[in-house]
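*Asks:* Using the sequences and the accompanying hints, generate a full structural model.
Next come the chains, spelled out residue by residue.
2 protein chains.
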Amino acid sequence: MAAEVILLGFWPSMFGMRTMIALEEKGVKYEYREEDVINNKSPLLLEMNPIHKTIPVLIHNGKPVLESLIQIQYIDEVWSDNNSFLPSDPYHRAQALFWADFIDKKLYVCGRKTWATKGEELEAANKEFIEILKTLQCELGEKPYFGGDKFGFVDIVLIGFYSWFPAYQKFGNFSIEPECLKLIAWGKRCMQRESVAKALPDSEKVVGYVLQLKKLYGIE
Amino acid sequence: MAAEVILLGFWPSMFGMRTMIALEEKGVKYEYREEDVINNKSPLLLEMNPIHKTIPVLIHNGKPVLESLIQIQYIDEVWSDNNSFLPSDPYHRAQALFWADFIDKKLYVCGRKTWATKGEELEAANKEFIEILKTLQCELGEKPYFGGDKFGFVDIVLIGFYSWFPAYQKFGNFSIEPECLKLIAWGKRCMQRESVAKALPDSEKVVGYVLQLKKLYGIE
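Protein chains in written order, with full-length UniProt numbering: chain A, 1 to 220; chain B, 1 to 220.
Hints were generated in silico from the structure; no laboratory data involved. Careful: at least some of the hints might be erroneous.
Pairs involving identical chains hold if they fit within one copy or between any two copies, as the list cannot separate such chains.
Distance condition first, Cα-Cα at most 20 Å in a straight line; then the derived SDA-like pairs of lysine to any residue [as the list claims (entries may be wrong)]:
1. K105 x E77
2. K29 x V5
3. K182 x V78
4. K63 x P87
5. K127 x D81
6. K63 x P201
7. K29 x Y91
8. K150 x W99
9. K127 x E47
10. K106 x L69
11. K63 x F98
12. K105 x I70
*Replies:* Now the structure itself:
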């Protein structure tokens, strides 16, 4: 019989990391299946996500739930007996969803530029990347987590990027730490959680993966 | 005293239309303020949305709620005594959120290309646009609304684009109707609702606005 919960992922994907962390935080039993998204997507992936053909795919009782932000909310709603990731107050929920959207619109796109561009474009990307992190750091403020005293929705959404920081810095040739000490401390704090430590790959392995990507796309 | 609910919008924006429809459907009293987003954004807009500086902005008791999809969810949660836009079942909620995400990622971007590109790029955009609509039409199936028997979240998210259909067709020089009869019928059905009729501008006015945009951006 098929496992009740299956997660199709790809280890360097910060989107897949989110869903794994959410499952781990809720103590859900699941089967993880690594996808070869670059060379050979599985028939199950193509069947479950025929529109985008992307990971992560969360399969629950044979039915797909797509898009990492939606998956985290789904997990939060279905396994609702534990602590919630999202606040119950509508305004605070809206704020958490706003920051998640901000991360996906800004940080992912700009992060990619730090290893995929050069010259003036790279310089602008590096500056923008730091500005985005500073904006996030300002939102974090003096709280231990974006969720306040507890690790919550925005923490889950953002933390995967932390494993990419060394890659961004190495290929972009810039340094995050001087202006983002609090955010780095937040990343270290999150890494102490079992869920995060399990889902995030070794940063050096991410550096190696980005090197592969640069070769694949002919970026020098 | 300031009105409790203020909506900052810009009439041709399908994103702003969504939030207005959501407020109207819930019977919320609000003050609408038209923004000149191209030439002169108001100090209130810049204060309430300093990060993106975009409309729509929903201001509730002096506090901003940003991003149209989040605003619809917020309105659904705060004025929850009426019919819900989103289904209560987590799986159906996840599906509705998926289609909303699909519309924003695919339809908006591709729609823009129908009036902002030419040659082969335009031809590809026209084909893709029809494919996206056919995918949505397939999801609609034989239901009167995406929400089933009742007008719901995905209906609110998609309907604003309907007012842009004549502009897309005119400037892209292609025809939506032959392959999307059911979707057109859905659009006409939605237009019979007071909320939609109030929020959607006249399509010919949208055509004029796109002409202005083309001049502004030097697109011939």
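*Asks:* Confirm or reject each hint.
*Replies:* Against the structure, the hints:
1. For the identical chains of this complex, K105 and E77 are neighbours neither inside a copy (24 Å) nor across copies (24 Å), given an alpha-carbon limit of 20 Å.
2. For the homomeric pair K29 and V5, the shortest alpha-carbon distance inside one copy (7 Å) is at most 20 Å, but the shortest distance between copies (44 Å) is not.
3. When the C-alpha separation of K182 and V78 is checked against a cutoff of 20 Å, the pair qualifies neither within a copy, at 33 Å, nor between copies, at 34 Å.
4. In the homo-oligomer, the alpha carbons of K63 and P87 lie at most 20 Å apart only across protomers (17 Å), although the nearest pairing inside one protomer, at 27 Å, exceeds that limit.
5. Taking CA atoms no more than 20 Å apart as the test, K127 paired with D81 passes in neither setting, with 42 Å inside one copy and 47 Å between copies.
6. In this assembly of identical chains, K63 and P201 lie within 20 Å of each other by CA distance neither inside one copy nor across copies; the values are 27 Å within and 39 Å between.
7. Taking the closest pair of Cα atoms, K29 and Y91 come within 20 Å of each other only across two copies (18 Å); inside a single copy the shortest separation is 32 Å, beyond that limit.
8. Taking the shortest alpha-carbon separations for K150 and W99, only the intra-copy value of 16 Å comes in at or below 20 Å, while the best inter-copy value is 31 Å.
9. For the homomeric pair K127 and E47, neither the shortest alpha-carbon distance inside one copy (41 Å) nor that between copies (24 Å) is at most 20 Å.
10. For the homomeric pair K106 and L69, the shortest alpha-carbon distances inside one copy (15 Å) and between copies (17 Å) are both at most 20 Å.
11. Taking the shortest Cα distances, K63 and F98 sit within 20 Å of each other only across copies (14 Å), while inside one copy they are farther apart (27 Å).
12. Taking identical chains as interchangeable, the C-alpha atoms of K105 and I70 lie at most 20 Å apart whether they share a chain (15 Å) or sit on different chains (14 Å).
Of the numbered hints given earlier, the model fails hints 1, 3, 5, 6, 9; all others are met.
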